[in-house]
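Trainee: Input sequences plus hints: build the corresponding full structure.
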Amino acid sequence: MHYMNRRKFISQAAIGAGGALILSQMNNRLLANPAIPNADVALGFQTYPIRSMLAKDFSGVLKTMAGFGYKYVEMCSPPGYVNAGFGFLVDTKPADIRKTIEEAGLNCPSCHFGFKELTDKLDDRIAFSKEMDLSYMVCSSFGLPKTATLKDYLDAADKLNLAGEKIRQAGMQAGYHNHDMEFATLDGQLIYDALMARFKPELVKMQFQTEVINLGFKASTYFRKYPGRFFSSHLSDWTSDKKQVPIGKGIIDWKDFFEASKVGGLKYYFVEMDFDTFKDSAAFILGK
Numbered sequence: 016m017h018y019m020n021r022r023k024f025i026s027q028a029a030i031g032a033g034g035a036l037i038l039s040q041m042n043n044r045l046l047a048n049p050a051i052p053n054a055d056v057a058l059g060f061q062t063y064p065i066r067s068m069l070a071k072d073f074s075g076v077l078k079t080m081a082g083f084g085y086k087y088v089e090m091c092s093p094p095g096y097v098n099a100g101f102g103f104l105v106d107t108k109p110a111d112i113r114k115t116i117e118e119a120g121l122n123c124p125s126c127h128f129g130f131k132e133l134t135d136k137l138d139d140r141i142a143f144s145k146e147m148d149l150s151y152m153v154c155s156s157f158g159l160p161k162t163a164t165l166k167d168y169l170d171a172a173d174k175l176n177l178a179g180e181k182i183r184q185a186g187m188q189a190g191y192h193n194h195d196m197e198f199a200t201l202d203g204q205l206i207y208d209a210l211m212a213r214f215k216p217e218l219v220k221m222q223f224q225t226e227v228i229n230l231g232f233k234a235s236t237y238f239r240k241y242p243g244r245f246f247s248s249h250l251s252d253w254t255s256d257k258k259q260v261p262i263g264k265g266i267i268d269w270k271d272f273f274e275a276s277k278v279g280g281l282k283y284y285f286v287e288m289d290f291d292t293f294k295d296s297a298a299f300i301l302g303k
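Last residue of the sequence shown: number 303 in the working numbering, and the count goes up by one each step with no gaps.
Please keep in mind that the hints were generated in silico from the structure rather than gathered at the bench.
The beta-carbon is built from N, C-alpha and C at its ideal position, and this holds for glycine as well.
Mixed in with the good hints there might be a few duds.
Derived pair list, reagent style EDC-like, types lysine to aspartate or glutamate, alpha-carbon separation capped at 16 Å [to be verified]:
id, residue 1, residue 2
1, Lys257, Asp208
2, Lys136, Glu180
3, Lys131, Asp173
4, Lys240, Asp208
5, Lys233, Glu180
6, Lys277, Asp55
Derived Cβ-Cβ restraints for the label pairs, each shown as a range [to be verified]:
id, residue 1, residue 2, range
7, Glu118, Ser156, 29 to 35 Å
8, Asp138, Asn98, 35 to 41 Å
9, Gly243, Glu146, 26 to 32 Å
10, Lys181, Asp289, 32 to 38 Å
11, Lys114, Met68, 30 to 36 Å
Mentor: Put into structure tokens, the structure is as follows:
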């Protein structure tokens, strides 16, 4: 099914009804839509949720996503995720992965890496990233146990700062991606806030996971609290009873999100949800 441009559809509907007043009223409602940013949003998707599909038809699925309107893809490190769905790429040269991505009409500015990849195998992963022409090398998680102390988190942050310096020297930027665990409290501090105080802003930029709306935390709050500290976000939407739905169908205030994202410094927006939500999510964000 092809999506007609929303403005074109609304204009035709109004003209067909024979009324300039109707056209004016409908266009005003469109302009007042609280969620459509604009077609210039650097919209991408994270590959992890569709890794099994990519394993079966890497090129074909990428082309399908490009057809939905996505321009960017965020990968996961094949060697780091070899047992988590990306083993099918582990023997593929980074340059060939990049070529397949670009032939699909996409660009890959960012990739997720395991923490140990960025501490124990950093030189190798930097070489991979340069062949991929990445701009961002993202730590997907510290991988700490549930019993981890605040000191454990801060020690890990120090190690990522060190990796971030080397990544910067290589012409790229290190990033950190949150999950639910960073929004727990240890020693009277929210772990996320403690990490933000520990990370050196010039060495580690943040990637905010909007799924924590299910814990009561809004991305927009943190974009405004920490101006310029973010480079991207993982977008997902949810109902009040924590069911995943396409962007714009849930409880997140996307108008507020996109406005605040400018303060936060975001450059990329990666949708990360089940495959059947991707088409409608792109249409909503791009205003189609």
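Trainee: Would you mind marking each hint as holding or not holding in the structure?
Mentor: Outcome of the hint check:
1. Lys257 - Asp208: 24 Å, violated
2. Lys136 - Glu180: Given pair lysine 136, glutamate 180 holds - Cα atoms ~15 Å apart, limit 16 Å.
3. Lys131 - Asp173: Measuring from Cα to Cα gives roughly 13 Å; hence the hint holds.
4. Lys240 - Asp208: With a Cα-Cα distance of about 10 Å, the restraint between lysine 240 and aspartate 208 holds, given a limit of 16 Å.
5. Lys233 - Glu180: Answer violated: lysine 233 to glutamate 180 is near 29 Å, above 16 Å.
6. Lys277 - Asp55: Answer holds: lysine 277 to aspartate 55 is near 13 Å, not above 16 Å.
7. Glu118 - Ser156: 29 to 35 Å: 31 Å, holds
8. Asp138 - Asn98: 35 to 41 Å: Taking Cβ atoms as reference, aspartate 138 and asparagine 98 lie about 22 Å apart, which means the hint is violated.
9. Gly243 - Glu146: 26 to 32 Å: 29 Å, holds
10. Lys181 - Asp289: 32 to 38 Å: This hint holds: roughly 36 Å between Cβ atoms.
11. Lys114 - Met68: 30 to 36 Å: 20 Å, violated
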